[in-house]
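Q: Protein sequences, first through last, are from chains A and U. Residue numbers for the first sequence follow the UniProt record's numbering, so the first one is 1 and each next one is one higher. Residue numbers for the second sequence follow the UniProt record's numbering, so the first one is 1 and each next one is one higher.
No wet-lab data here; the hints were simulated from the structure. Quick reminder that beta carbons are idealized off the backbone N, C-alpha and C, glycines included. It is possible that some hints are incorrect.
[Said to hold, decoys possible] Using 25 Å as the maximum straight-line C-alpha spacing, the simulated DMTMM-like pairs for lysine to aspartate or glutamate come out as follows: (1) K269/A x D246/U; (2) K200/A x E284/U; (3) K211/A x D247/U; (4) K256/A x D246/U; (5) K200/A x D167/U; (6) K211/U x D62/A; (7) K250/U x D246/A; (8) K256/U x D218/A; (9) K211/A x D265/U; (10) K250/A x D49/U; (11) K130/U x D247/U; (12) K135/A x D218/U; (13) K250/U x D270/A; (14) K78/A x D265/U; (15) K200/U x D218/A.
[As the list claims (entries may be wrong)] If the Cβ cut is set under 8 Å, some of the chain A residues that face chain U in the computed set are: (16) D87; (17) F157; (18) L217; (19) I222; (20) D247; (21) A264.
Spelled out from the first residue to the last, the chains are:
There are 2 protein chains.
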Amino acid sequence: MTTVFIDGLGLIGASLATFIKKNHPTTRIIANDLNPENLLYMKEQGVLDAASSFEDGAKNADIILLASPVAAICLRLKELADLSLKDNVLVSDVGSSKVQIEESAQALMAKGVAFLAGHPMAGSHLTGAKNVDTKRLVNHTYFLIQENSSQEQLSSFQNLLSAANFDFRLVDAASHDQIVAASSHLPHMVAFALASTVNKAREASAVDWGKPAAGFLDATRIAKADATMWTSVFLSNPQQILASLDDFEKEIGRLKQAIADQNADALFKDLTTAQAARRQMEKE
Amino acid sequence: MTTVFIDGLGLIGASLATFIKKNHPTTRIIANDLNPENLLYMKEQGVLDAASSFEDGAKNADIILLASPVAAICLRLKELADLSLKDNVLVSDVGSSKVQIEESAQALMAKGVAFLAGHPMAGSHLTGAKNVDTKRLVNHTYFLIQENSSQEQLSSFQNLLSAANFDFRLVDAASHDQIVAASSHLPHMVAFALASTVNKAREASAVDWGKPAAGFLDATRIAKADATMWTSVFLSNPQQILASLDDFEKEIGRLKQAIADQNADALFKDLTTAQAARRQMEKE
Numbered sequence: 001m002t003t004v005f006i007d008g009l010g011l012i013g014a015s016l017a018t019f020i021k022k023n024h025p026t027t028r029i030i031a032n033d034l035n036p037e038n039l040l041y042m043k044e045q046g047v048l049d050a051a052s053s054f055e056d057g058a059k060n061a062d063i064i065l066l067a068s069p070v071a072a073i074c075l076r077l078k079e080l081a082d083l084s085l086k087d088n089v090l091v092s093d094v095g096s097s098k099v100q101i102e103e104s105a106q107a108l109m110a111k112g113v114a115f116l117a118g119h120p121m122a123g124s125h126l127t128g129a130k131n132v133d134t135k136r137l138v139n140h141t142y143f144l145i146q147e148n149s150s151q152e153q154l155s156s157f158q159n160l161l162s163a164a165n166f167d168f169r170l171v172d173a174a175s176h177d178q179i180v181a182a183s184s185h186l187p188h189m190v191a192f193a194l195a196s197t198v199n200k201a202r203e204a205s206a207v208d209w210g211k212p213a214a215g216f217l218d219a220t221r222i223a224k225a226d227a228t229m230w231t232s233v234f235l236s237n238p239q240q241i242l243a244s245l246d247d248f249e250k251e252i253g254r255l256k257q258a259i260a261d262q263n264a265d266a267l268f269k270d271l272t273t274a275q276a277a278r279r280q281m282e283k284e
Numbered sequence: 001m002t003t004v005f006i007d008g009l010g011l012i013g014a015s016l017a018t019f020i021k022k023n024h025p026t027t028r029i030i031a032n033d034l035n036p037e038n039l040l041y042m043k044e045q046g047v048l049d050a051a052s053s054f055e056d057g058a059k060n061a062d063i064i065l066l067a068s069p070v071a072a073i074c075l076r077l078k079e080l081a082d083l084s085l086k087d088n089v090l091v092s093d094v095g096s097s098k099v100q101i102e103e104s105a106q107a108l109m110a111k112g113v114a115f116l117a118g119h120p121m122a123g124s125h126l127t128g129a130k131n132v133d134t135k136r137l138v139n140h141t142y143f144l145i146q147e148n149s150s151q152e153q154l155s156s157f158q159n160l161l162s163a164a165n166f167d168f169r170l171v172d173a174a175s176h177d178q179i180v181a182a183s184s185h186l187p188h189m190v191a192f193a194l195a196s197t198v199n200k201a202r203e204a205s206a207v208d209w210g211k212p213a214a215g216f217l218d219a220t221r222i223a224k225a226d227a228t229m230w231t232s233v234f235l236s237n238p239q240q241i242l243a244s245l246d247d248f249e250k251e252i253g254r255l256k257q258a259i260a261d262q263n264a265d266a267l268f269k270d271l272t273t274a275q276a277a278r279r280q281m282e283k284e
């Protein structure tokens with residue numbers, strides 16, 4: 001019987017647990033979480049078999065899945081290097097920044113423990129086990145960095161999550177961090193900054209603005225995301241995020257110049273290109 | 001019998017026409033549009049009574065509603081000043097930048113023609129009469145700048161649109177342009193720039209990124225908006241938009257600094273403030 005230990009039973013950890021239990025009901029799922037509500041809820045759902053301390057859970061697991069914020073995952077990987085784990089244990093994670101996590105796993109891998117770094121692109125501004133919505137999470141891209149794990153371990157891990165029908169993609173840690181800096185970290189950074197800017201303007205205004213426009217609400221929906229998690233994400237991938245922000249500021253700068261110059265042709269060309277790209281990306 | 005002439009039967013013009021006809025079925029609605037499909041479709045819907053040239057439509061109307069892009073509205077206001085219109089005609093518009101429109105209406109108002117500037121905050125990235133969805137458009141904020149229109153004309157205009165249950169708010173043109181620069185123009189500008197940045201990074205990458213993340217798609221939905229309309233909007237409210245972009249860049253700059261300094265406290269504080277503001281605005 002396979003035992004999976006999940007450290008962090010928030011939205012992602014609880015979702016993966018649900019997918020595992022769905023296609024592999026005999027798999028024993030043990031978890032640890034700072035918030036007992038997450039543990040109790042998943043127990044009620046019939047997904048969690050038992051709660052345990054990090055140390056006990058890790059020692060008894062065939063698969064250890066680290067699903068806490070990036071900073072915590074890095075600490076856990078170092079703690080795991082000092083524990084006596086099962087032979088053939090596979091350690092994986094769901095952190096959003098892989099270079100820093102890869103570095104934190106060096107001591108563990110040096111001990112010969114197999115590590116398979118991962119990142120399901122299935123986040124939400126919603127948090128906690130209670131918000132698990134497996135329908136919303138199927139078919140997402142799931143990046144995997146094989147590290148020192150075997151083909152067999154890679155295949156069995158993918159099979160464990162078969163219920164989610166993820167689109168697994170093998171990449172290296174550096175490429176992953178570049179991709180998510182632009183595709184995920186930058187949009188979140190921009191949404192937080194946009195929400196702050198508009199809120200300050202509203203508060204400074206003598207006029208009541210009425211209900212916010214639908215466009216603004218859509219553009220900033222992800223600014224409702226968990227601040228603790230995103231602080232950890234932003235600080236764990238600084239170079240790539242700062243580079244993406246530089247690229248973004250160049251785009252803003254070019255649009256500003258076109259407006260300042262009243263250059264309709266340049267502005268229309270940029271907006272048309274952006275619009276076409278956005279419409280195309282939606283189809284992929 | 002009241003005759004309403006609408007110049008521009010795109011999404012907004014056609015939506016307002018639909019609301020007018022709903023509660024005021026005997027009102028005669030005449031319209032002009034560059035795209036005959038919009039006219040034919042609204043005729044089929046039983047909303048449009050007749051199509052006409054701009055000149056004929058304007059001359060025979062009790063209410064003239066200008067619903068084309070801002071640049072076109074400004075030209076139409078100047079054309080109207082040279083036409084012999086009905087006595088007691090009321091001219092209104094739906095343009096997204098009011099100071100420039102107010103300036104363009106000076107000659108018309110100097111002739112004693114009543115002008116009531118307006119802006120329903122009910123846009124969409126969808127365009128054209130075929131996308132009219134009155135359910136989606138009800139209860140929105142509708143800014144009105146009274147200009148030289150009478151209380152009676154103001155009331156009858158609001159009554160004409162009673163089916164939409166708009167939240168009408170009287171403001172001055174300058175305040176309006178400040179509000180929409182931050183609440184609408186800035187988010188669109190940011191979405192266009194974000195879509196361009198991410199697309200360029202994807203195209204430059206050696207790795208296939210897979211499906212775009214849901215967060216990115218939400219944050220850039222409004223970048224699918226009509227490029228012609230938004231070029232016109234951005235160029236018609238330059239000072240306020242550039243000021244909003246400066247404020248936004250300061251927010252981005254502070255977040256960048258916190259990341260570069262690995263200042264978790266400052267970053268967490270900013271993200272928490274942005275998150276709380278965004279969640280609060282949604283409730284209003």
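Q: Work down the list of hints and note, for each, if the structure agrees.
A: Results of checking the hints against the structure:
1. The hinted pair formed by K269/A and D246/U meets the criterion: a straight-line CA distance of about 23 Å does not exceed 25 Å.
2. With a C-alpha separation of about 15 Å, the suggested pair K200/A and E284/U falls inside the 25 Å cut-off, and the hint holds.
3. A C-alpha spacing of about 21 Å is found between K211/A and D247/U, which places the hinted pair at or below 25 Å, so the restraint holds.
4. Of the pairs offered as hints, the one joining K256/A and D246/U holds, with about 10 Å between alpha carbons and a cut-off of 25 Å not exceeded.
5. For the hint pairing K200/A with D167/U, the CA-to-CA distance comes to about 23 Å; that is within 25 Å, so the pair holds.
6. At most 25 Å may separate the alpha-carbon atoms for a hinted pair to count; K211/U and D62/A exceed this at roughly 31 Å.
7. Straight-line distance between C-alpha atoms of K250/U and D246/A comes to about 13 Å, which keeps the hinted pair within the 25 Å bound.
8. Straight-line distance between C-alpha atoms of K256/U and D218/A comes to about 23 Å, which keeps the hinted pair within the 25 Å bound.
9. Pair hint K211/A plus D265/U does not hold up; C-alpha atoms about 32 Å apart against a cutoff of 25 Å.
10. Restraint check for K250/A and D49/U: not satisfied, since their Cα atoms lie roughly 49 Å apart, outside the 25 Å limit.
11. Between the alpha carbons of K130/U and D247/U the distance comes to roughly 37 Å, so the proposed pair goes past 25 Å and is violated.
12. Note on K135/A and D218/U: the hinted pairing holds, with a Cα-Cα distance of about 18 Å set against a maximum of 25 Å.
13. Of the pairs offered as hints, the one joining K250/U and D270/A holds, with about 23 Å between alpha carbons and a cut-off of 25 Å not exceeded.
14. The hinted pair formed by K78/A and D265/U meets the criterion: a straight-line CA distance of about 24 Å does not exceed 25 Å.
15. A distance of roughly 22 Å separates the Cα atoms of K200/U and D218/A; the hinted pair therefore holds under the 25 Å criterion.
16. At about 34 Å, the closest approach between the beta carbon of D87/A and any beta carbon in chain U exceeds 8 Å, and the interface hint on this residue is violated.
17. The criterion of a C-beta within 8 Å of any C-beta in chain U is not met by F157/A, whose closest approach is roughly 18 Å, and the hint is violated.
18. Hint on L217/A holds. Least Cβ distance to chain U is approximately 6 Å, under the 8 Å limit.
19. A cut of 8 Å between beta carbons decides the hint on I222/A: the least distance to chain U is about 4 Å, and the hint holds.
20. With its C-beta approaching chain U no nearer than about 5 Å, D247/A sits inside the 8 Å limit, and its interface hint holds.
21. Interface hint status for A264/A: upheld, as the beta-carbon distance to the closest one in chain U is roughly 6 Å, under 8 Å.
Violation of the numbered hints given earlier is confined to hints 6, 9, 10, 11, 16 and 17; the remaining hints are satisfied by the structure.
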